[in-house]
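A.B. asks: So the sequences go chain by chain: E and Z.
The first sequence begins at 1 in the numbering used here and counts up by one.
The second sequence begins at 1001 in the numbering used here and counts up by one.
It should be emphasised that the hints constitute simulated quantities derived from the structure, not laboratory data.
All the given hints hold, so there is nothing to weed out.
Cβ-Cβ distance ranges computed for the label pairs, FRET-style:
1) E/Asn119 x Z/Ile1119: 45 to 53 Å
2) E/Gln220 x Z/Ala1043: 12 to 20 Å
3) Z/Glu1073 x E/Asp310: 41 to 49 Å
4) Z/Lys1156 x E/Asn119: 45 to 53 Å
5) Z/Ser1059 x E/Asn119: 28 to 36 Å
6) Z/Ser1059 x E/Glu319: 33 to 41 Å
7) Z/Lys1156 x E/Lys62: 25 to 33 Å
8) Z/Glu1085 x E/Ser402: 53 to 61 Å
9) E/Asn75 x Z/Glu1073: 53 to 61 Å
10) Z/Thr1035 x E/Lys205: 39 to 47 Å
11) Z/Glu1073 x E/Asn43: 53 to 61 Å
Quick look at which bits of chain Z chain E covers, simulated, 3 or more residues with Cβ under 8 Å:
12) 1045-1055
13) 1156-1167
Cβ atoms here follow ideal geometry from the backbone N, Cα and C, with glycine treated the same way.
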Amino acid sequence: MRKKIVCMFLALISAAMLAGCHGSKGMPEFGMPETFDDSRTYNITFWAKNDTNKVQSDIYKKAIADFTALYPNINVNLRLYTDYGKIYNDVITNISTHTTPNVCITYPDHIATYMRGINVVVPLDELAASPAYGLGGSDLRFDGPGSEEIIPEFLKECRLDDKLYALPFMRSTEALYINEDMVKDLGYEVPDVVTWDFVWDLSEKAMKKNADQTFAINGQKVLIPFIYKSTDNMMISQLRQLNAPYSTAEGDIEIFNDTTTDLLMTVADHARTGAFSTFKISSYPGNFLNAGQCIFAIDSTAGATWMGSDAPLSDIAEENKRSFTTVVRPIPQFDPDDPKMISQGPSVCVFNKEDPQEVLASWLFAQFLLTNDVQVAYSETEGYIPVTKKAQDSEEYKEYLSLSGTDSDHYDIKIDAATLLLDHMSDTFTTPVFSGSASLRDAAGALIENVAKASRRGMTVDEAYIAKTYEDVRSLYKLDAAGSLAAKKDNAQPLPFASKLLIVCLIVTWIVMGAVYAYSRFRKAKS
Amino acid sequence: MKKLFAVVIALTCALGLVACSKGGDVEKKSEGVMTFEEYQAAAVDSEVTIEAYVQAHQSWWDNKITVYAADKEGAYFLYEMACTEEDAAKLNPGTKIKAKGFKSEWSGEVEIVDATFEIEDGNYIAPAEDLTSLLGTDDLIKHQNCFALFKDMTVKSVAYKNEEPGDDIYVTFTKDGKDYDFCLEYYLNGSDEALYNLVGGLQEGQVCDVEGFVYWYEGPNPHITKVTVK
Chain E
1 MRKKIVCMFL ALISAAMLAG CHGSKGMPEF GMPETFDDSR TYNITFWAKN
51 DTNKVQSDIY KKAIADFTAL YPNINVNLRL YTDYGKIYND VITNISTHTT
101 PNVCITYPDH IATYMRGINV VVPLDELAAS PAYGLGGSDL RFDGPGSEEI
151 IPEFLKECRL DDKLYALPFM RSTEALYINE DMVKDLGYEV PDVVTWDFVW
201 DLSEKAMKKN ADQTFAINGQ KVLIPFIYKS TDNMMISQLR QLNAPYSTAE
251 GDIEIFNDTT TDLLMTVADH ARTGAFSTFK ISSYPGNFLN AGQCIFAIDS
301 TAGATWMGSD APLSDIAEEN KRSFTTVVRP IPQFDPDDPK MISQGPSVCV
351 FNKEDPQEVL ASWLFAQFLL TNDVQVAYSE TEGYIPVTKK AQDSEEYKEY
401 LSLSGTDSDH YDIKIDAATL LLDHMSDTFT TPVFSGSASL RDAAGALIEN
451 VAKASRRGMT VDEAYIAKTY EDVRSLYKLD AAGSLAAKKD NAQPLPFASK
501 LLIVCLIVTW IVMGAVYAYS RFRKAKS
Chain Z
1001 MKKLFAVVIA LTCALGLVAC SKGGDVEKKS EGVMTFEEYQ AAAVDSEVTI
1051 EAYVQAHQSW WDNKITVYAA DKEGAYFLYE MACTEEDAAK LNPGTKIKAK
1101 GFKSEWSGEV EIVDATFEIE DGNYIAPAED LTSLLGTDDL IKHQNCFALF
1151 KDMTVKSVAY KNEEPGDDIY VTFTKDGKDY DFCLEYYLNG SDEALYNLVG
1201 GLQEGQVCDV EGFVYWYEGP NPHITKVTVK
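Can you make the complete structure from the sequences, with help from the hints?
C.D. replies: Below, the structure is given as structure tokens:
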């Protein structure tokens, strides 16, 4: 009897400590209010990302104004970023002080890290399913999409641990922007789906020089035939196309394999000759493409307004631009009959707050971003596509696509890039999301960058070098030898005091329980 | 009297020598270190070792720091050099460093990447060189990364990178009918509230003297460090 009382007492203490810790550092779990209390005023913050594109900022501002006209009691304060990484860092910094934004543009990889905090990000399933305030709900003051009207592949990307933690906002993929004139000058036609061999072969052929050391293909002293903007995507896409391991859904790291080594050896071969480079090493692919210094440029479809000799946006001087025909294709493939390309683009998540009504107000705004007006307007700014069938099928969007090439708002390369994704939605993929998947993605890019740089610098890139690179990258990104992933070093946080206290208390509890058990055994034996 | 005079002169000379030696010989390079001329001649992607004096740096982050450095012959841009937070605190303007890395070029900006460094004895601050007359000429690139002064520049436009304060500020000035793009790099001096607000508040038509480092991005794009509105 006495033993039972002691055990119950200890269990109660442990439970109380857990609850205390939970309450002191984490957020309470979100509970769905029955109704939205619109007698109160809510001030919510929205952290958004634009592509250094004023039109996109204006669309966010208009969306806020339109939303506030419908919900005058919800004030939305916009904070603009031009970089996903900066949003991510700021959110991480603000989690510990409970000063996260209410609504935030983000990537699922980042949400997985945010979820290390207790109840930091609101699971949206209950909100989305609410008959009154959910997707297409009866009490909404706007015509939002029903859940069945969101493109299923894109909605699925926002599920983590089988719960919906975000809504897709815009989607893009990568595209291969080609200087068709140069391909023809080399004696080839651009196929509908380009292979990696095609790109590598022509890139090497283009390296031929004149006696004056200018390149024969463009008469200039500068030529980088093939430039890839995002080398993490390059590695991830190649592995996926070859059905080679990258990671498991549970977070086991599988990227350090023979296929990766083969891919890196190919990168080394072409970086050595100067036929291949990257954004990090040389600069934006569009700058070289538009100056007639690049044949194959891979960048996001969301950067299409910067690509091509008539691009409405450009960082290079007018006198440096060259006139040529640009064509848009899917990224190079190993199997042209089974193309695979990455699905990317911003999603939107809702952060938890003490006040469930404030969360509900945030959810209403997040959902408003999926209305046709916002979806169509934002997708028209770049080579994005709307994430809802409702917007994709709207007359307004169809008309936009039909006006391709008529003016700079309907820049043909931008619309070709968007159409590329519309035609290949079922060929897109994403990588598994888990706590630390953002680090693995960085590591994938670092492998290519390291090998390309070493090769350019005249170093010997062989299997021994690559093995050493694997070791360095594992260490830098905290991908331990056993294959499991620890937190990236710059995200590693010391344990909060309450967690340390909990661990100490649990140890003490077990010691006490052990002592009590030993004492009772001793008493029993003695009696 | 003569003796006193001689003593004063001798003391003055001695003091001068001491002062000089404390600062180190700015022009002399250690063994194995490139002169600026040799650095300029080095090929892109080759390994380089330089000695120079920190003129400014961007904010430290993730064990990396970007440094604007100079010696008496020219200037260097050390991009994301490996650096602990503790060492970053020692990189005050004037501090002498020896850095080893790889010469690189990014959109026209010649820089040193993947560098490591050590701090050495010595101190030197490069004066701002008036390069106004070189604007729009091919000679400006010879002064890439140098600390420079541009006089009587007329403000044409001011824009925040992300449409609102909190990031880089792009300023276009005109001079003799031509436009020149400058940038207030947030990580360089965004924390200087007075300067940030001054630059963000510049109005079209205002005439200014502008100091900064001659950074390059697809053409000259100096990083502003001081603006004097006339």
